[in-house]
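Those protein sequences? They're chains A and B, same order as listed. Counted from 1, the first sequence has number 115 at position 115 by this note's numbering; the numbering is strictly sequential. Counted from 1, the second sequence has number 348 at position 348 by this note's numbering; the numbering is strictly sequential.
Just so you know, these hints were derived from the structure itself, not from any lab. Where a beta carbon is used, it is the ideal one built from N, C-alpha and C, also for glycine.
Derived CB-CB ranges, DEER-like:
no.: 1; chain 1: B; residue 1: D440; chain 2: A; residue 2: R88; range: 26 to 32 Å
no.: 2; chain 1: B; residue 1: E473; chain 2: A; residue 2: V108; range: 26 to 32 Å
no.: 3; chain 1: B; residue 1: E330; chain 2: A; residue 2: R88; range: 24 to 30 Å
no.: 4; chain 1: A; residue 1: R23; chain 2: B; residue 2: S270; range: 54 to 60 Å
no.: 5; chain 1: B; residue 1: M368; chain 2: A; residue 2: E28; range: 25 to 31 Å
no.: 6; chain 1: B; residue 1: E445; chain 2: A; residue 2: K74; range: 40 to 46 Å
no.: 7; chain 1: B; residue 1: I406; chain 2: A; residue 2: S94; range: 17 to 23 Å
no.: 8; chain 1: A; residue 1: V108; chain 2: B; residue 2: I446; range: 29 to 35 Å
Straight-line C-alpha distance at most 16 Å; calculated EDC-like pairs for lysine to aspartate or glutamate:
no.: 9; chain 1: B; residue 1: K552; chain 2: B; residue 2: E491
no.: 10; chain 1: B; residue 1: K467; chain 2: B; residue 2: D430
no.: 11; chain 1: B; residue 1: K361; chain 2: A; residue 2: D112
no.: 12; chain 1: B; residue 1: K552; chain 2: B; residue 2: D540
no.: 13; chain 1: B; residue 1: K361; chain 2: A; residue 2: E20
no.: 14; chain 1: B; residue 1: K182; chain 2: B; residue 2: D17
Residues per chain, in single letters:
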Amino acid sequence: MSELALIIEDDEDLANIFAEALRGVGFEVEHVPDGRLAQERLQNGGAPFIVLLDMHLPHVSGADLLTIIKREEKFAKTLILITTADARMGDLYSDQVDFVLIKPISFVQLRDLTARLRPK
Amino acid sequence: MKKFFDSILNVSVPDPDDARRRRLLNILLLGNTIAALLALLGIIVASLIVQQSNESDVQILLVGIIVITLGIMGIYQINRRVSGRWAALLYLLLLNLIFAFTDSPAELSNGRSLFLFTIPIAMSSLILAPEASFLFAAIGGGIVAGLALSIDQNVNFFSIIGFLMLALVSWLSARSLEAALKDLRAINANLDQEVIDRTQALTQSLERERIEAGRNQAILNSIADGVILFDREWNAILANPAIRGMLELPLELIIDKNFRTLIEHPKLSSQSRVLLNAMIEHDTQPIGFRIVWGEKTLSVSAAQVYDNSKVSNSHIGTVTVFRDFTREAEVEKLKSTFVGIVSHELRTPLNAILGYAEMFKEAVYGPMNDKQVNMAERIMKNTQRLLALINDLLDQAQMEAGKLTIHIAPLKPAELLDALHGLMDKAASDKRLRLTSEIDDELPEILNGDAARLQQILVNLVNNAVKFTDQGEVRVKFMRTEDAKWGIAVEDTGRGMPESELPYIFDTFRQVESSTTRVHGGFGLGLAIVKQLVNLMSGDIKVESKLDSGTKFTINLPLVIP
Numbered sequence: 001m002s003e004l005a006l007i008i009e010d011d012e013d014l015a016n017i018f019a020e021a022l023r024g025v026g027f028e029v030e031h032v033p034d035g036r037l038a039q040e041r042l043q044n045g046g047a048p049f050i051v052l053l054d055m056h057l058p059h060v061s062g063a064d065l066l067t068i069i070k071r072e073e074k075f076a077k078t079l080i081l082i083t084t085a086d087a088r089m090g091d092l093y094s095d096q097v098d099f100v101l102i103k104p105i106s107f108v109q110l111r112d113l114t115a116r117l118r119p120k
Numbered sequence: 001m002k003k004f005f006d007s008i009l010n011v012s013v014p015d016p017d018d019a020r021r022r023r024l025l026n027i028l029l030l031g032n033t034i035a036a037l038l039a040l041l042g043i044i045v046a047s048l049i050v051q052q053s054n055e056s057d058v059q060i061l062l063v064g065i066i067v068i069t070l071g072i073m074g075i076y077q078i079n080r081r082v083s084g085r086w087a088a089l090l091y092l093l094l095l096n097l098i099f100a101f102t103d104s105p106a107e108l109s110n111g112r113s114l115f116l117f118t119i120p121i122a123m124s125s126l127i128l129a130p131e132a133s134f135l136f137a138a139i140g141g142g143i144v145a146g147l148a149l150s151i152d153q154n155v156n157f158f159s160i161i162g163f164l165m166l167a168l169v170s171w172l173s174a175r176s177l178e179a180a181l182k183d184l185r186a187i188n189a190n191l192d193q194e195v196i197d198r199t200q201a202l203t204q205s206l207e208r209e210r211i212e213a214g215r216n217q218a219i220l221n222s223i224a225d226g227v228i229l230f231d232r233e234w235n236a237i238l239a240n241p242a243i244r245g246m247l248e249l250p251l252e253l254i255i256d257k258n259f260r261t262l263i264e265h266p267k268l269s270s271q272s273r274v275l276l277n278a279m280i281e282h283d284t285q286p287i288g289f290r291i292v293w294g295e296k297t298l299s300v301s302a303a304q305v306y307d308n309s310k311v312s313n314s315h316i317g318t319v320t321v322f323r324d325f326t327r328e329a330e331v332e333k334l335k336s337t338f339v340g341i342v343s344h345e346l347r348t349p350l351n352a353i354l355g356y357a358e359m360f361k362e363a364v365y366g367p368m369n370d371k372q373v374n375m376a377e378r379i380m381k382n383t384q385r386l387l388a389l390i391n392d393l394l395d396q397a398q399m400e401a402g403k404l405t406i407h408i409a410p411l412k413p414a415e416l417l418d419a420l421h422g423l424m425d426k427a428a429s430d431k432r433l434r435l436t437s438e439i440d441d442e443l444p445e446i447l448n449g450d451a452a453r454l455q456q457i458l459v460n461l462v463n464n465a466v467k468f469t470d471q472g473e474v475r476v477k478f479m480r481t482e483d484a485k486w487g488i489a490v491e492d493t494g495r496g497m498p499e500s501e502l503p504y505i506f507d508t509f510r511q512v513e514s515s516t517t518r519v520h521g522g523f524g525l526g527l528a529i530v531k532q533l534v535n536l537m538s539g540d541i542k543v544e545s546k547l548d549s550g551t552k553f554t555i556n557l558p559l560v561i562p
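Kindly generate the complete structure, drawing on both the sequences and the hints.
In structure tokens:
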């Protein structure tokens, strides 16, 4: 059974590219394009193996979603990757997450990184 | 009393000698008149007391005195209205005539009354002319001789010689008196001219000053900048109308008030108050710092005024100029917001283009031939260039808005160089260049600084070096420089720059030749950003370069950042 990767990203193209990279290394991919939908998904759905969280989202911010993920017991084992264009914001959350990816994010970079993270 | 005498004695004529003589004559005439009146009174009184006097003698005396008095009045009128000389001549002749009848011919020509004829001689030299004394010596002599002959006596030649001697003395003394007066008048005239000249000069300079002051006031009133002049204690002594509109306060609330009172006004933002207080307390002369007053943003410049007319060259006050910067501040804010939004909106699709191109290159959707892979690589490369440019623009915009800040944290120089190699080795090896790095042994293992911004500086400089070097190497060195400083040197073996271009290479949007922009891309923001970042870190950057023999950038940074 393949592991679930949850992509929270409002830009459709970036979400597509991230999804291809993750699928390419064998993840099952779920995409949420909006902060509010993501909030519902996180509260009601199961825990993914990895979450790729954009910090700049409409309606509910990435920071708020990160708080939910950190608070909920069910996400204790979930790997958290945040994506942001702002290096400062990356620095700010680097202690709370597993990886900070600064945009622009390379397809190859993401693919190679997640390949290493995926359980063999 | 004096005025009254002056009015009857003075005769106003242009020639001062003439005036003096005529006044002198008038004094004599007045004295004679008074003497005649007193004599008249005496005769009347005496004739009343002494009853048996000879009435016909008294009558002759009275008639004589009245005739003399009328004669004197006539001479006075001639003296005032017609001619001083004629009046004096008539007076002196009258005097001689009177004297000729005052005593017996024997006494007059040879006896006790002989002296009478000396009086007109002395007088004539004073009231007629110096040389006139000889004329009256002759007349006197003539009368004396005539009288002597009329009574068959010998002519008293000694007395005539005596008259002439007196005339000589009178002539000499009157002449020297006139000469002395003339000299005195010349001196006075010079003095008067000098006083006139000085007065005129003073009037002119006062007038010039008044015009100058008026012009300055007109300038002050018409300029758009608000101006307040403070004395040394920061009391406002002058303010122009523009400042009234800027601060929206009547001038009465500005002039004569202390600046410390003015800056307590609630419209001034608290941060601005701190800045202005610092300016007052430290007597600094800032240029163009911004303060917020109500809805307005004002730029403030201050210059101290010195009184350099005195030796002490003392500080007498401060001129502060306020410029309305509200619009500029709004435009700047809009610009930085605009650039921020545009950059974000540009970066997201560029990231997508980059991602899709990578997917082609990685053959995610099936195998690609070499040409297709090459094309995908070209798309990636160009996209990265665009992304780099947007980053530069964003940094520049942030720096211009003063928003770019430096975050100081402990960092390891070795890690900086490792990361640099990770980022730049490929670009160097693509051009068959060597990228080498070294760390000075004396440099501490841990430094304080902004790792991300230092990385940005290094990438920028190395990128530049690689761009402009066609063979050889790019060397990066970290070293201990002065006491409390460390340095970064980035050196290449590239084409270098002409010395004339060196002063300008840190300017925004500038490259040595416009053709290099076409060949190597970029808009010349990189070095401008590097310099500004270095300055933000309290450091400085220098460049040495020669055409065809490479370029070396040296950065000096403080070990302890203030």
